[in-house]
Amino acid sequence: MSALTYEDVISKFEPVLGLEVHVELNTNSKMFCGCSTIFGAEPNTQTCPVCLALPGALPVVNEKAIESTILIGLALNCSIAPFSRFARKNYFYPDMPKNFQISQYDEPICVNGYVDVEIETDEGPQTFRIEIERVHMEEDTGKSLHVGGSTGRIHGADYSLLDYNRAGIPLVEIVTKIVPGTGKYAPEVAKAYVAELRDILRSLGVSDVKMEQGSLRCDANVSLRLIGSEVLGTRSETKNVNSLRSVERAVRGEMIRHAERLNKGEKVVQETRHFQEDTGLTRSGRSKEQAEDYRYFPEPDLVPVAPDAQWIEKLRAGLPERPSLRRKRLQEQWSVPDKEMAAMINADVLNIVEETVLLGADPTKARSWWLGEISRLANEKEVAISELAITAKDVAEIVSLVAQGELTDKLARQVVEGVIAGEGSPAQIIAARGIKVVNDDGALMAAIEKVCSEQSETADKVRNGHLPAAGALIGAVMKETKGQADAARVRELLLGHLGQTAN
Amino acid sequence: MIKNSATEMAQSLSSGATTSVALTQAHLDRIAEVDGKVHAFLHVDAQGALEQAANVDAARARGEKLSPLAGIPLALKDVLVQKGVPTTCGSKILEGWRPPYDSTVVTNLKNAGVVILGKTNMDEFAMGSSTENSAYGPTHNPWDLTRIPGGSGGGSSAALAAFEAPLAIGTDTGGSIRQPAAVTGTVGVKPTYGGVSRYGLVAFSSSLDQAGPCARTVLDTALLHEVIAGHDPKDSTSINAPVPQVVAAAKNGEVKGMKIGVVKELNGDGYQSGVRQRFEESLELLAKAGAEIVEVSAPNFEYALAAYYLIAPSECSSNLARFDAMRYGLRVGDTDGASAESVMNMTREVGFGREVKRRILLGTYALSSGYYDAYYGSAQKVRTLITQDFNNAFEKCDVMVSPTCPTTAFKIGEKANDPLAMYLNDIATIPVNMAGIGGMSLPCGVAPEDGLPVGFQIMSPVMQDQRMYSVGAALEAALLTQWGAPLLSQAPSLDGAA
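One line per chain: the protein sequences are A and B, in this order. Following the numbering used here, the numbering of the first sequence begins with 4 at its first residue and continues without gaps. Following the numbering used here, the numbering of the second sequence begins with -16 at its first residue and continues without gaps.
Hints were generated in silico from the structure; no laboratory data involved. Glycine included, C-beta positions come from ideal geometry on N, C-alpha and C. Do not take every clue at face value.
Unchecked claim - Computed cross-link-like contacts, SDA-like style, restricted to lysine to any residue with a CA-CA straight-line distance of at most 25 Å:
id	chain 1	residue 1	chain 2	residue 2
1	A	K67	B	A224
2	A	K92	B	A224
3	A	K180	B	S352
4	B	K364	A	I105
5	A	K180	A	D281
6	A	K368	A	Q431
7	A	K482	A	A435
Said to hold, decoys possible - If you only want the chain B side, here are some residues facing chain A, beta carbon under 10 Å, derived:
id	residue
8	T70
9	L77
10	T90
11	Y182
12	G183
13	A186
14	S300
15	M309
16	L313
17	T318
18	G320
19	S322
20	G353
Start from the sequences and build out the full structure, keeping to the hints where you can.
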């Protein structure tokens, strides 16, 4: 439907990005009360006078949430404000119990940081610095379920159901400064930035960072300006972008949409847009031209946050290795080719491969198990690798058994399948299934002789020097021995039997 | 028995001369007898009160160690939540709501064995100076039933003056404890901000609201103060420090060597002559008791009222946003096809009274983008200046004093249509809230021209609440010697009144 190609867009316009990422912290209790934060509980079972905004109830700050936010700020190279305040953001909506959200406004806790992200460009890997404007704390709202109507929105719905379990869950909002200079790579940079944030947050252990569950949400601000122009264009803000791929698609889609309007001489409307997962397009939400006035003012129910400088230094000293640096280190230590490394990151198996290696497994073998057979089984079952009942310890054991010649690769696959099926540890499965490598040449020779007499024509071909024909015979012998034979040894014995030498 | 002080009632309980059940029943009887005229109570929890009283009697019979106020009845302002007991804040919008939890003040009262008789009337959401803004009708001043009992806590002060309860809890955002105390001839204290937990106090203006004790004597007020005060982890603004020794101060009543600062700006034009006369006489009594009277100046107090009427409405516009018919209280217009927005609108239209709407509108405007700096921002600066005025003055004196109100109780309806005149009533009490310090009002006589009580205000620095109790007790003792009997004995009997 779009008349413009992406190339048309970038030949004329420069995109400017601004990314706002909301992270749900994984604290045990909510931001301002003691309620549990477990995901997926029965609606309205994790509530109390405070998060239901009953008259008279007061908020008290969750210290753990402050700690998590400071950790995030430090990991993003921010300064931590010695004094920051909460503010009330006032607006009416049924899923917001107080009809104001406790947030931070002009005095956020972390400011002025940056994140470097690396992407592949036509000229090879290139690093882009994304500057962070602020990191601040706020509380989540409840959830509305609008029943009836075609859009799932409040307008046109027959009725709405409210679940306040999420109301008051600690949220951290990470806001970038404007990001110019990414040119045609804007969509990739946006995606890489969110991916890098996700990795950093995961390494800090402060959030589940599950985009599909909403514990990491990205709002992408996009505007275009004519190449060479200093003036910023009007931006749109796309919400509801809940996967890394969607971040990229949303930015690309908005760039094209803006360019089409601008080319037609139309204005881009400053508005909130909602990303549609199925089409990759956005649809208009509320217009920001009739911008709501949130009437921010300092939250009088909470004293200012003034973190102790020594505490901040202690947190800084305990920061984990930056994920991108760790990846580089592991790639070097394990001598992994770039493509394989990328595959491991994509499949999210880096941690478990490292764990397997630390248990003594060869890095290449560990990687190929997790990325190969185990990934395949996870795909087949349509679950995440982490949900499979197989551990780093199991894989390390299997790798070791193969190395000792106790298992062939093929038998090892059976053991992996058994572990995943819940039959027990590799040792238990080997015992229970009676799996063992057949390395008794006598038994093998009997099978070889049987196969050669059954398939004498093929055997003759081999005798006459046509070695490729041996494959069929080897296969038959393997079948005869129920796959428990070492295929290399079978080939050796078979060729010898037929008067040929194995190379 | 009901005309005694809480201290005397406590002695009767510990000596076995009476029981808490008998004492509670006597007060319930008094309420039944006179509250039709006074209308101090919105809800009387006779059954709950008698149960609490029986528990205290049983504990006493078992020889348990009880707190000094165990078994004494109390009237609770209807802005503090008590589990299972209706809490309306004087508003239609909360009609029928029964809170599922106790405020910290109520928890402290229950732990001390204080018997809660019921909930007292108030200006809607504590906004007002006359209790006329209650959605449930005004409270009448026991001194003259055609007059206001002060506000917003007129129900609590009237209950004390009408001998319906010897103790009461009020809340004070701009004078709502002290002004009602002044016009009813009772004692009321606004503790240092953060001295008493706000958890479970339905917020009007969070940075100004403070619950406090009310009684008929300074010592009773001090005893109640110590019961309800103290650090509360559920209130982030609660002060984590020991409670000032107010009972000891009230018992000693010693002012020798204390410097008492008379605020120049709070004693001139606009103050009724009888008010000024009683105030001056009180200063003489304090001087006789050994205090040194000095004059202090607080030049920024003249801006206090204007700043208050930006800060308090701003905070209230946000605090009262939660009354939206979604989760509790009144719901209007919930017909088929009505949107959530229209239900919210209709409920708030019907549920809030005029004064509440006026302040929500004021506050919404003051916080609006483009106006914030000029209004809310400037008001906060004035607040800082007022605090500096107090700090400067407290370098020259130990406590500051003024008349509590410019006038004695006015007639019901007299100022109902003149909000500004109504607001001016709080001119002497508001600076105390703005600075977060402590303030007390105690009776210092009746104005000769109208025979109505006059209040004497004592202000003490942050967390030095004991100082106002020392001065208050000294003045009370001197006045009592002069009068021969408590001031309330001069109030007309309510028996047979119209």
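Do the hints match the structure? See the list:
1. Our distance criterion of 25 Å between C-alpha atoms is met by A/K67 and B/A224, whose separation comes to about 24 Å.
2. For a cut-off of 25 Å, the pair hint linking A/K92 to B/A224 is broken: about 32 Å separates their Cα positions.
3. Distance restraint check for A/K180 and B/S352: the Cα-Cα separation of roughly 23 Å lies within the 25 Å cut-off, and the hinted pair is therefore satisfied.
4. This hinted pair checks out: B/K364 and A/I105 have alpha carbons roughly 23 Å apart, not beyond 25 Å.
5. Pair hint A/K180 plus A/D281 does not hold up; C-alpha atoms about 30 Å apart against a cutoff of 25 Å.
6. Of the pairs offered as hints, the one joining A/K368 and A/Q431 holds, with about 22 Å between alpha carbons and a cut-off of 25 Å not exceeded.
7. For the proposed pair A/K482 and A/A435, the alpha carbon gap of about 21 Å is at most 25 Å, so the pair holds.
8. With a least beta-carbon distance of about 7 Å to chain A, the hint placing B/T70 at the interface is held under the 10 Å criterion.
9. This hint holds: B/L77 has a C-beta 7 Å from the nearest C-beta of chain A, less than the 10 Å allowed.
10. Because the closest C-beta pair between B/T90 and chain A is about 12 Å apart, greater than 10 Å, the hint is violated.
11. Evaluation of the B/Y182 hint against chain A yields a held restraint, the C-beta minimum of about 5 Å falling below 10 Å.
12. The restraint placing B/G183 at the interface with chain A holds, with a minimum CB-CB distance near 4 Å, inside the 10 Å limit.
13. A hinted interface residue such as B/A186 counts as satisfied when its beta carbon comes closer than 10 Å to some beta carbon of chain A; here the least separation is about 7 Å, so the hint holds.
14. With 10 Å as the threshold, the beta carbon of B/S300 comes within range of chain A, its nearest partner Cβ sitting at about 8 Å, so the hint holds.
15. Interface hint status for B/M309: upheld, as the beta-carbon distance to the closest one in chain A is roughly 5 Å, under 10 Å.
16. For the restraint placing B/L313 at the interface with chain A, the shortest Cβ-Cβ distance is roughly 13 Å, beyond the 10 Å limit, so the hint is violated.
17. For B/T318, the suggested interface contact is broken, since its CB lies about 12 Å from the closest CB of chain A, more than 10 Å.
18. Interface restraint check for B/G320: the shortest CB-CB distance to chain A comes to about 9 Å, inside 10 Å, so the restraint holds.
19. Evaluation of the B/S322 hint against chain A yields a held restraint, the C-beta minimum of about 8 Å falling below 10 Å.
20. At its closest, the beta carbon of B/G353 sits 9 Å from a beta carbon of chain A; the interface hint therefore holds under the 10 Å criterion.
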